[in-house]
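A.B. asks: For the sequence shown, my numbering gives the first residue as 603, with consecutive numbering after it.
Calculated directly from the structure, the hints in this document are not laboratory data.
Where is the CB? At the ideal position from N, CA and C, for every residue including glycine.
Check each hint, because a few of them may be wrong.
Unchecked claim - Taking lysine-lysine and the DSSO-like style, the derived pairs with C-alpha atoms no more than 30 Å apart in a straight line are:
no.: 1; residue 1: Lys699; residue 2: Lys607
no.: 2; residue 1: Lys699; residue 2: Lys743
no.: 3; residue 1: Lys637; residue 2: Lys689
no.: 4; residue 1: Lys689; residue 2: Lys699
no.: 5; residue 1: Lys607; residue 2: Lys637
no.: 6; residue 1: Lys607; residue 2: Lys743
no.: 7; residue 1: Lys743; residue 2: Lys689
As the list claims (entries may be wrong) - Here are the in silico distance ranges between beta carbons for each label pair:
no.: 8; residue 1: Ser753; residue 2: Ile693; range: 34 to 42 Å
no.: 9; residue 1: Lys637; residue 2: Ser751; range: 16 to 24 Å
no.: 10; residue 1: Ser698; residue 2: Cys671; range: 17 to 25 Å
no.: 11; residue 1: Ile678; residue 2: Asp739; range: 16 to 24 Å
no.: 12; residue 1: Lys637; residue 2: Asn750; range: 48 to 56 Å
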Amino acid sequence: MDGVKDVALQPWSEFVSAAGFVGSDSAVSSLMNGKDISNYVLSNSALGEEDAALEEGATEEEIAVAAFCNAWLDVIGLAVMGRLLEKIMRISQLTSKGCEHLTADLNYLINVFSALGVAGHPHPLVSHMATLATLSDSDLKAQIESRNSASEVENALRAVEARIALIRGIPTE
């Protein structure tokens, strides 16, 4: 099932494009996979491999079936999250009440994906976005300014954070 995650790449490319980031496919892929961004996000509720493991005593067939299902749930989850994040980037304006509502919706999705028990889900950017929506204006500005422009992934996250600030009406420059 090599390359199955490529199915989810288009929504993630559109997400970073909507955030105003122009970069390489490897940066988009790194964001999508979520494993290398844990040091860059404000909060992360993704399940690790050990959290998503089967109970002891599972047969080889049960393990194979679970691996197949988890691979597809992973791809579906990635595609859905990529599309959701892209749609968030396309919001023209969010009031404080809108931010509260967005945070509640994202936290609900975090709970749903956590209940599925698939490793890597919910995606770390979902909880990061929920946190960004609740930060004070000064904290969000400080978060954006703290980004190191040496990393392409960090530049993409900076673009996402700057877009959230713009949507919230927070000047960043």
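A.B. asks: Each hint needs a verdict: does it hold in this structure or not?
C.D. replies: Against the structure, the hints come out as follows:
With a C-alpha separation of about 35 Å, the suggested pairing of lysine 699 with lysine 607 is violated against the 30 Å cut-off. Distance restraint check for lysine 699 and lysine 743: the Cα-Cα separation of roughly 20 Å lies within the 30 Å cut-off, and the hinted pair is therefore satisfied. At roughly 22 Å between alpha-carbon atoms, lysine 637 and lysine 689 fall within 30 Å of each other, so this suggested pair holds. Our distance criterion of 30 Å between C-alpha atoms is met by lysine 689 and lysine 699, whose separation comes to about 18 Å.
Among the hinted pairs, lysine 607 with lysine 637 is consistent with the structure: their alpha-carbon atoms are about 14 Å apart, no more than 30 Å. Proximity of lysine 607 to lysine 743 is assessed by CA-CA distance (about 33 Å); at most 30 Å being required, the pair is judged violated. With a C-alpha separation of about 22 Å, the suggested pair lysine 743 and lysine 689 falls inside the 30 Å cut-off, and the hint holds. Range check, serine 753 to isoleucine 693: about 26 Å between beta-carbon atoms, so the 34 to 42 Å window is missed.
Against the hinted window of 16 to 24 Å, the Cβ-Cβ separation of lysine 637 and serine 751 comes to about 22 Å, which satisfies the hint. The hinted range of 17 to 25 Å is not satisfied by serine 698 and cysteine 671, whose Cβ atoms lie roughly 40 Å apart. Take isoleucine 678 and aspartate 739: their Cβ atoms lie about 36 Å apart, and the range 16 to 24 Å is violated. Distance hint check: the CB atoms of lysine 637 and asparagine 750 are about 19 Å apart, inconsistent with the given range 48 to 56 Å.
Checked against the numbered hints listed earlier, the structure breaks hints 1, 6, 8, 10, 11 and 12; every other hint is satisfied.
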